[in-house]
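Colleague: The listed protein sequences derive, respectively, from chains A and B. Its first residue numbered 0, the first sequence is counted upward by one per residue in numbering that gives the first Met the number 0. Its first residue numbered 0, the second sequence is counted upward by one per residue in numbering that gives the first Met the number 0.
Note that these hints are calculated values from the structure, not bench results. It is possible that part of the hints are untrue.
If chains are identical, the list can't say which one is meant, so a pair holds when it fits in one copy or spans any two.
Stated by the list, open to error - Computed list of lysine-lysine pairs in DSS-like fashion (alpha-carbon distance at most 27 angstroms, straight line): (1) 27 - 224; (2) 350 - 393; (3) 128 - 11; (4) 393 - 405; (5) 225 - 27; (6) 325 - 338; (7) 350 - 103; (8) 27 - 325; (9) 249 - 325; (10) 103 - 325; (11) 407 - 262; (12) 350 - 338; (13) 350 - 198; (14) 27 - 262; (15) 172 - 325; (16) 405 - 11; (17) 338 - 393; (18) 262 - 11; (19) 249 - 198.
Protein chains: 2
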Amino acid sequence: MNIVLLSGGSGKRLWPLSNEIRSKQFLKLLSDEDGGHESMVQRVYRQIAKAGINADIVVATSATQVESIRGQLPDDVDIVVEPERRNTFPAIVLAASYLESRKKMDPEETVIVLPVDPYVDVEYFETFKTMDARVQQGGADIVLMGITPSYPSEKYGYIIPGEGGRVTGFKEKPDEATARELIGRGALWNAGVFAFSLKYLMGIADKYVQSREFSDVIAHYADLKKDSFDYEVVEKADALAVVPYSGAWKDIGTWNTLTEEMKEESIGDVIMGEACVNTHVINELSIPVVVLGTQDLVVAAGQDGILVSDKHKSSYIKPHVENIDKRPMYEERRWGEYKVYDYSQYADGTKSLTKHVTINAGCAQDYHVHKYKDEVITVANGQGELVVDGCLMKLSRGDTISIRRKQKHAIRAFEDLQLISVQISEDNTEGDTEVFDWSWSARAAEGSDGKSQ
Amino acid sequence: MNIVLLSGGSGKRLWPLSNEIRSKQFLKLLSDEDGGHESMVQRVYRQIAKAGINADIVVATSATQVESIRGQLPDDVDIVVEPERRNTFPAIVLAASYLESRKKMDPEETVIVLPVDPYVDVEYFETFKTMDARVQQGGADIVLMGITPSYPSEKYGYIIPGEGGRVTGFKEKPDEATARELIGRGALWNAGVFAFSLKYLMGIADKYVQSREFSDVIAHYADLKKDSFDYEVVEKADALAVVPYSGAWKDIGTWNTLTEEMKEESIGDVIMGEACVNTHVINELSIPVVVLGTQDLVVAAGQDGILVSDKHKSSYIKPHVENIDKRPMYEERRWGEYKVYDYSQYADGTKSLTKHVTINAGCAQDYHVHKYKDEVITVANGQGELVVDGCLMKLSRGDTISIRRKQKHAIRAFEDLQLISVQISEDNTEGDTEVFDWSWSARAAEGSDGKSQ
Numbered sequence: 000m001n002i003v004l005l006s007g008g009s010g011k012r013l014w015p016l017s018n019e020i021r022s023k024q025f026l027k028l029l030s031d032e033d034g035g036h037e038s039m040v041q042r043v044y045r046q047i048a049k050a051g052i053n054a055d056i057v058v059a060t061s062a063t064q065v066e067s068i069r070g071q072l073p074d075d076v077d078i079v080v081e082p083e084r085r086n087t088f089p090a091i092v093l094a095a096s097y098l099e100s101r102k103k104m105d106p107e108e109t110v111i112v113l114p115v116d117p118y119v120d121v122e123y124f125e126t127f128k129t130m131d132a133r134v135q136q137g138g139a140d141i142v143l144m145g146i147t148p149s150y151p152s153e154k155y156g157y158i159i160p161g162e163g164g165r166v167t168g169f170k171e172k173p174d175e176a177t178a179r180e181l182i183g184r185g186a187l188w189n190a191g192v193f194a195f196s197l198k199y200l201m202g203i204a205d206k207y208v209q210s211r212e213f214s215d216v217i218a219h220y221a222d223l224k225k226d227s228f229d230y231e232v233v234e235k236a237d238a239l240a241v242v243p244y245s246g247a248w249k250d251i252g253t254w255n256t257l258t259e260e261m262k263e264e265s266i267g268d269v270i271m272g273e274a275c276v277n278t279h280v281i282n283e284l285s286i287p288v289v290v291l292g293t294q295d296l297v298v299a300a301g302q303d304g305i306l307v308s309d310k311h312k313s314s315y316i317k318p319h320v321e322n323i324d325k326r327p328m329y330e331e332r333r334w335g336e337y338k339v340y341d342y343s344q345y346a347d348g349t350k351s352l353t354k355h356v357t358i359n360a361g362c363a364q365d366y367h368v369h370k371y372k373d374e375v376i377t378v379a380n381g382q383g384e385l386v387v388d389g390c391l392m393k394l395s396r397g398d399t400i401s402i403r404r405k406q407k408h409a410i411r412a413f414e415d416l417q418l419i420s421v422q423i424s425e426d427n428t429e430g431d432t433e434v435f436d437w438s439w440s441a442r443a444a445e446g447s448d449g450k451s452q
Numbered sequence: 000m001n002i003v004l005l006s007g008g009s010g011k012r013l014w015p016l017s018n019e020i021r022s023k024q025f026l027k028l029l030s031d032e033d034g035g036h037e038s039m040v041q042r043v044y045r046q047i048a049k050a051g052i053n054a055d056i057v058v059a060t061s062a063t064q065v066e067s068i069r070g071q072l073p074d075d076v077d078i079v080v081e082p083e084r085r086n087t088f089p090a091i092v093l094a095a096s097y098l099e100s101r102k103k104m105d106p107e108e109t110v111i112v113l114p115v116d117p118y119v120d121v122e123y124f125e126t127f128k129t130m131d132a133r134v135q136q137g138g139a140d141i142v143l144m145g146i147t148p149s150y151p152s153e154k155y156g157y158i159i160p161g162e163g164g165r166v167t168g169f170k171e172k173p174d175e176a177t178a179r180e181l182i183g184r185g186a187l188w189n190a191g192v193f194a195f196s197l198k199y200l201m202g203i204a205d206k207y208v209q210s211r212e213f214s215d216v217i218a219h220y221a222d223l224k225k226d227s228f229d230y231e232v233v234e235k236a237d238a239l240a241v242v243p244y245s246g247a248w249k250d251i252g253t254w255n256t257l258t259e260e261m262k263e264e265s266i267g268d269v270i271m272g273e274a275c276v277n278t279h280v281i282n283e284l285s286i287p288v289v290v291l292g293t294q295d296l297v298v299a300a301g302q303d304g305i306l307v308s309d310k311h312k313s314s315y316i317k318p319h320v321e322n323i324d325k326r327p328m329y330e331e332r333r334w335g336e337y338k339v340y341d342y343s344q345y346a347d348g349t350k351s352l353t354k355h356v357t358i359n360a361g362c363a364q365d366y367h368v369h370k371y372k373d374e375v376i377t378v379a380n381g382q383g384e385l386v387v388d389g390c391l392m393k394l395s396r397g398d399t400i401s402i403r404r405k406q407k408h409a410i411r412a413f414e415d416l417q418l419i420s421v422q423i424s425e426d427n428t429e430g431d432t433e434v435f436d437w438s439w440s441a442r443a444a445e446g447s448d449g450k451s452q
């Protein structure tokens, strides 16, 4: 079995902690099993293992999320990067092509596709085994997961089951009376979880692509129809089956729904005065948040800003934050993370950017240049190594390095490195960064400056 | 007439904007006359001028407040620094000694002493003229200001008047019934505003000090009784008079009372969602604060932290913040200001401190050393000049200077300088900074390294 996780969404509904780069699925706000915190992505990964599912996992996503995924999931998870955002049908075809042409997956095997961020029980993943068996048994092109409805919702799609788990029809967003009637007939919510054989999907893909080869699908990605998998595949399939799941199933996309799942009333440096009622505070800043006598309130403080909202009003955040045009003030990278302390633009257009950069022990940045930025880096703590235009030097606390624009450079950490970086640039910083190959070990050993990695 | 402003108090009741160094009277949260904001100290200074009072002004305060006062009031205001905090009696004796021995004030002239932060009308200061005339008329050792009570308060002291404005007695914090009865007899609240001739006070001072000379009073300050002026002088005086004032008189010492006087519902980068009721937001940070659907709430965000409080609960803040032992993250200096971005302590006790320093055009730092700190300074914007161990160099955007511990240094700004400073130090940083004399112009002209300023 192969599992494809669809990781999309760069919304601001969990502003200030989510932004264009840090989608909600990467926020480490859920309680893990060791008394710490995990993100939605990490929770799903952990639950798949816990359900005893031995599957290869591929995440289909956009380039902006690669660093976060690499930072949060183990290296054995494959990442398929969509060249552009085009809805779920092209994304799933791309992932399937990857499984076939790069992973050499047996075409008879089952692929299960699901969103990366459902808030569910482990049983949700155990259901995959039944879905896999149903695919392998034959007679159904696609096997869906159906969620047992807990109320006659008007906002979900309903799957109408027939005999032997066959699907006889769908109903999108019915009114409440219809929903009630559908539930009486055993209808289930469509969770967007699909199981099929790789062979079946690639047969459909053939109608859209000239070559199944992954690099060709990438190259012609813009030709794939910008449509949902439901519309383009599921609704056109000859035979569909459904497997029910009746555990918890939530979309935690607002501060109100997220705080409902928090075990503690606060995360981070927070002081709650005694008279607080139904108040949740999440503080990612290094300064304390003090809350006194509040009620039904969520407070979220991060590098991008501070939200103070009545819980029931927190879902109306979007129009209020979508015009905030600040650059993201926090980024998770495969090698660590950075926080922006200050971002200033001066009268003549010159910009200065002050960041706190953490490079994790054993990790290294890409070898890169800034075309328009001069950079001064001061080592606040840790041990590491710097390469500038092919020359290596050791780094330790108190060292300062001035890197001029167009100088290729990278830093790697022997132990966690805390760096303060000040970048100064002219106005035009579009396409500022370019990345090059670099092999630390080859260079250190040979002192050469050839190209290898 | 001379005015002595008593500037005390380093409370945390307006945390996070007030701290040990930045007392509430320095917060620029009140509306000035030009559509901007002014602090309580600046408001009092402006109102004195507006009342048409032509007086020299002396501020009696502690060393920690000198930089803020210099940053907020014109240079013609004198500052008398109390060697230690010892209550109002010693502070007033010290200021009087300064007026006599340093300012050579005529001993017959009137001195008026008041707290630095009353929130009042201009008429309050116009009352000073009547108080001055009453002192000069003779027959009263001390003339008090009496506030016309607006309700039978149990928390103030009452002045009981007799014929011709004479004072016949006092009553501290009476119960409500007594207060009502006192008000019926024309009693007034004691505002802590005292007028007397310099001669009278120095006569009393003679009982406590061996020499009236300012430097001697400074040297023997610890011998002055740690008592209030009310207790040590007013209550022992033979003849007291009172002059009434019936305008506004408030102590804005809590977020609730302060926000009542704010003309706008927010200051700083704030987005208020439409459904906010009786909500005030003050944001001194460079990231936005978004507030949605809140009621009776005050939000204050500053370098030291973030407060979210029900307005009626905001006066209970003290116990919740008094154990926050972070260093002040914002300081106003005579030459500008600094914000702390990051303050970290590492496993071996080493500390790093990252600051954004602004030096105002035309201003200069003291010539100083750090005994235990190495410092790296990067110029983010502006033009200026640096001296290190007697050597001068120009500074402009993009320059980086590494200053090792024990190197004497100072920076002055030709145009506003924005600096990023990273200081790295061993654990023991007590008494780290020492200041030396330095004359920019003399050195620039002579290139010498003698001592003069």
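Colleague: If a hint holds in the structure, say so; if it doesn't, say that too.
Modeller: We went through each hint and held it up to the structure:
1. 27 - 224: neither (34 angstroms within a copy, 58 angstroms between copies)
2. 350 - 393: between (29 angstroms within a copy, 21 angstroms between copies)
3. 128 - 11: Answer is neither; intra-copy 35 angstroms and inter-copy 60 angstroms both fail.
4. 393 - 405: Both: 21 angstroms inside a copy, 25 angstroms across copies.
5. 225 - 27: Close neither inside one copy (32 angstroms) nor across copies (54 angstroms); limit 27 angstroms.
6. 325 - 338: Both: 13 angstroms inside a chain and 20 angstroms across chains, each within 27 angstroms.
7. 350 - 103: neither (48 angstroms within a copy, 53 angstroms between copies)
8. 27 - 325: both (22 angstroms within a copy, 26 angstroms between copies)
9. 249 - 325: neither (31 angstroms within a copy, 40 angstroms between copies)
10. 103 - 325: neither (44 angstroms within a copy, 57 angstroms between copies)
11. 407 - 262: neither (46 angstroms within a copy, 53 angstroms between copies)
12. 350 - 338: both (17 angstroms within a copy, 19 angstroms between copies)
13. 350 - 198: neither (53 angstroms within a copy, 60 angstroms between copies)
14. 27 - 262: within (13 angstroms within a copy, 40 angstroms between copies)
15. 172 - 325: Classified as neither: same-chain Cα gap 36 angstroms, cross-chain 53 angstroms, threshold 27 angstroms.
16. 405 - 11: neither (35 angstroms within a copy, 49 angstroms between copies)
17. 338 - 393: Within one copy only: 24 angstroms inside, 31 angstroms across.
18. 262 - 11: within (23 angstroms within a copy, 31 angstroms between copies)
19. 249 - 198: neither (32 angstroms within a copy, 80 angstroms between copies)
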